[in-house]
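With the hints as extra help, turn the sequences into a complete structure.
There are 2 protein chains.
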Amino acid sequence: MRIAVDAMGGDQAPTKILDGALQALELLDPDDQLILVGNQQLIEQHAADALKAAGPRVRIEHASQVITMDDSPVEAIRGKRDSSIVRMVKLAKDGHADALISAGNTGALVAAGVLMLKPLAGVERPGIAVFLPSSKGAVMLCDAGANTQPKPAHLHQYAVMAALYVKATRNVENPSVAILNIGTEEEKGTPLVKEARELLAADKSLNFTGYVESREIPNHPADVIITDGFTGNVVLKLVEGWSAALFKTLQKEAAAEGPELLEKLKPVMARIAKRYDHEEYGGALLLGVQGTFLKVHGSAGARAIKNAIAAAKSISRLNVNAQIESRLSPTQ
Amino acid sequence: MRIAVDAMGGDQAPTKILDGALQALELLDPDDQLILVGNQQLIEQHAADALKAAGPRVRIEHASQVITMDDSPVEAIRGKRDSSIVRMVKLAKDGHADALISAGNTGALVAAGVLMLKPLAGVERPGIAVFLPSSKGAVMLCDAGANTQPKPAHLHQYAVMAALYVKATRNVENPSVAILNIGTEEEKGTPLVKEARELLAADKSLNFTGYVESREIPNHPADVIITDGFTGNVVLKLVEGWSAALFKTLQKEAAAEGPELLEKLKPVMARIAKRYDHEEYGGALLLGVQGTFLKVHGSAGARAIKNAIAAAKSISRLNVNAQIESRLSPTQ
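Chains Z and U are the protein sequences, given in the same order.
Counting from 1, position 5 in the first sequence corresponds to residue 5 in our numbering; the numbering is continuous, with no gaps.
Counting from 1, position 134 in the second sequence corresponds to residue 466 in our numbering; the numbering is continuous, with no gaps.
Hints listed in this document are in silico derivations from the structure and should not be mistaken for laboratory results.
Incorrect hints may appear among the rest.
Stretch-level coverage of chain U by chain Z, calculated; a stretch enters the list once three of its residues show a Cβ under 8 Å from a Cβ in chain Z [said to hold, decoys possible]:
hint : segment
1    : 473-486
2    : 505-517
3    : 543-555
4    : 587-600
A virtual CB, placed ideally from N, CA and C, is assigned to each residue, including glycine.
Right, here's the structure in full:
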């Protein structure tokens with residue numbers, strides 16, 4: 001398979017992105033190809049030796065522009081036609097790449113994915129799936145920001161797609177699926193949530209368990225939690241911000257007790273950080289488009305990129321997209 | 333003033349609620365009256381001596397029914413006419429109480445408040461305001477669940493009401509107000525968020541600072557954050573759940589290092605817990621109705637009830653409702 005990596009996206013681009021991508025070669029098959037998308041000169045400067053060693057397993061797709069975190073997504077996609085994101089997505093669109101990985105501007109990636117890539121047969125709107133840490137392994141949350149005003153039918157499609165992904169990638173036989181709501185009683189919530197509930201309950205292929213409240217997310221109330229893209233994005237960013245704030249406070253307060261306590265806490269905090277670390281989870285997925293499209297966190301370093309490439313490889317091998325089409329396409 | 337307390341609401345009712353209420357007498361003026369709403373026999377059993385000592389400063393309003401956490405809000409309000417919540421709200425409706433305090437079923441309280449109490453002149457929809465902990469003092473979030481499908485004009489009213497409350501109760505001269513969104517760029521978000529942004533920006537009486545992302549909440553990005561009641565409720569419950577989960581994990585991991593470390597961590601954790609403890613904040617407010625209406629957390633103990641009574645007293649004294657009416661009432 002051909003895996004394209006956006007060498008220019010993320011806080012640590014291009015150096016750490018390139019390091020992670022080239023380290024991932026050891027995880028790939030001999031006939032897999034890595035496509036590094038970005039400024040050719042910069043890439044060659046940083047990775048001359050590794051490129052020489054890799055030979056035809058790695059090639060560079062030159063892109064002269066970069067979409068920054070401050071760029072307006074849709075404008076950037078239209079204005080920066082020679083950016084690494086647009087070039088990378090175009091590779092997939094034209095059938096030259098099977099998987100895409102970027103740590104760049106999420107909005108631009110989603111916009112490029114939604115505007116340029118063909119949705120899978122039967123899929124109305126692609127959705128972003130992310131993994132949230134919990135006491136019993138990761139919870140997949142979808143949508144985390146692709147579709148801020150979904151229809152009930154979109155939430156149903158997210159449920160189907162996310163359940164198939166979790167089943168395939170996490171070895172969960174019959175993933176439980178819940179809808180995020182502000183109460184667990186049937187009459188709670190907006191019309192969107194209530195109508196989605198009916199659609200999910202009526203789909204006997206889903207292991208639908210009803211509503212969950214956000215308070216329960218860290219206790220793993222379901223394998224998959226479905227929500228609209230506005231709420232999902234707020235949840236994702238709040239979890240990140242709240243964890244970081246509590247860690248910072250803990251460090252500060254422990255330091256106030258003396259350097260000895262802080263020292264002893266280090267292994268404890270490292271274990272907790274590992275459990276709550278998004279880099280462990282290999283990124284977010286754009287569900288419902290052709291190919292495998294992974295968005296890695298903006299702060300991703302070499303390890304996260306390497307993990308994402310490994311994840312993309314195994315997702316492609318599982319062929320989840322074909323399963324999604326066979327469930328959602330009306331002609332199947 | 334007359335402060336009615338729901339003796340039957342919350343996990344620790346009635347004993348701890350009564351303890352807190354009676355302890356609050358020392359903070360009140362001699363001519364203030366406390367009204368304990370609930371089962372007369374239970375209340376007299378638990379607090380016989382204190383009631384005798386308090387004399388006419390405390391009276392009991394009998395209510396034979398209790399709305400539980402499992403009751404459906406609107407059905408409970410209609411079906412349990414002799415519940416402590418309905419009786420308590422009726423006291424305010426009929427002009428017999430100036431402030432209401434309960435740790436009971438939030439949905440039922442809000443429903444009772446919205447259905448039974450007169451909104452302030454000019455207020456279209458009451459909203460729930462809560463205080464979230466942050467690194468620089470509390471952030472007021474509104475709406476936290478009263479109005480899950482607001483119009484842009486409702487969000488504007490929440491901004492005006494919350495800013496007046498923060499100004500009056502927290503001594504913040506010109507409270508900054510922001511709208512919760514999934515990005516800080518102008519073009520981000522739903523039509524609701526964008527239209528609300530225009531209304532808030534056009535209101536020169538507000539210190540409106542634009543959009544904030546949920547990730548920034550623990551860093552106190554503004555004194556007041558405005559959102560729809562669905563998102564606000566998800567945020568509130570996620571903050572509670574996430575803090576609890578991280579604390580539990582910390583305790584478990586520290587214990588794995590040995591009992592000594594856990595012992596040394598106790599004062600550290602106590603300080604952090606105090607900062608992130610909702611009981612410190614005196615509860616949620618129902619903004620936009622006659623009187624002062626405080627919802628205390630369901631797990632509230634005596635201290636939270638005492639704090640809430642003190643808060644109700646100072647809020648009433650500041651007469652924020654008159655300020656709200658003079659800003660929002662079209663006839664003023």
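Hints, one by one, checked against the model:
Judged by the Cβ-Cβ criterion of 8 Å, the segment 473-486 of chain U is covered by chain Z as claimed, because 3 of its residues qualify and three suffice. Counting residues of the segment 505-517 of chain U whose CB lies closer than 8 Å to any CB of chain Z gives 4, so the stated coverage by that chain holds, three being the minimum. With a threshold of 8 Å between beta carbons, the proposed coverage of the segment 543-555 of chain U by chain Z holds, since 7 of its residues qualify and at least three are required. For the segment 587-600 of chain U, the stated coverage by chain Z is satisfied: 7 residues place a CB nearer than 8 Å to a CB of that chain, which reaches the threshold of 3.
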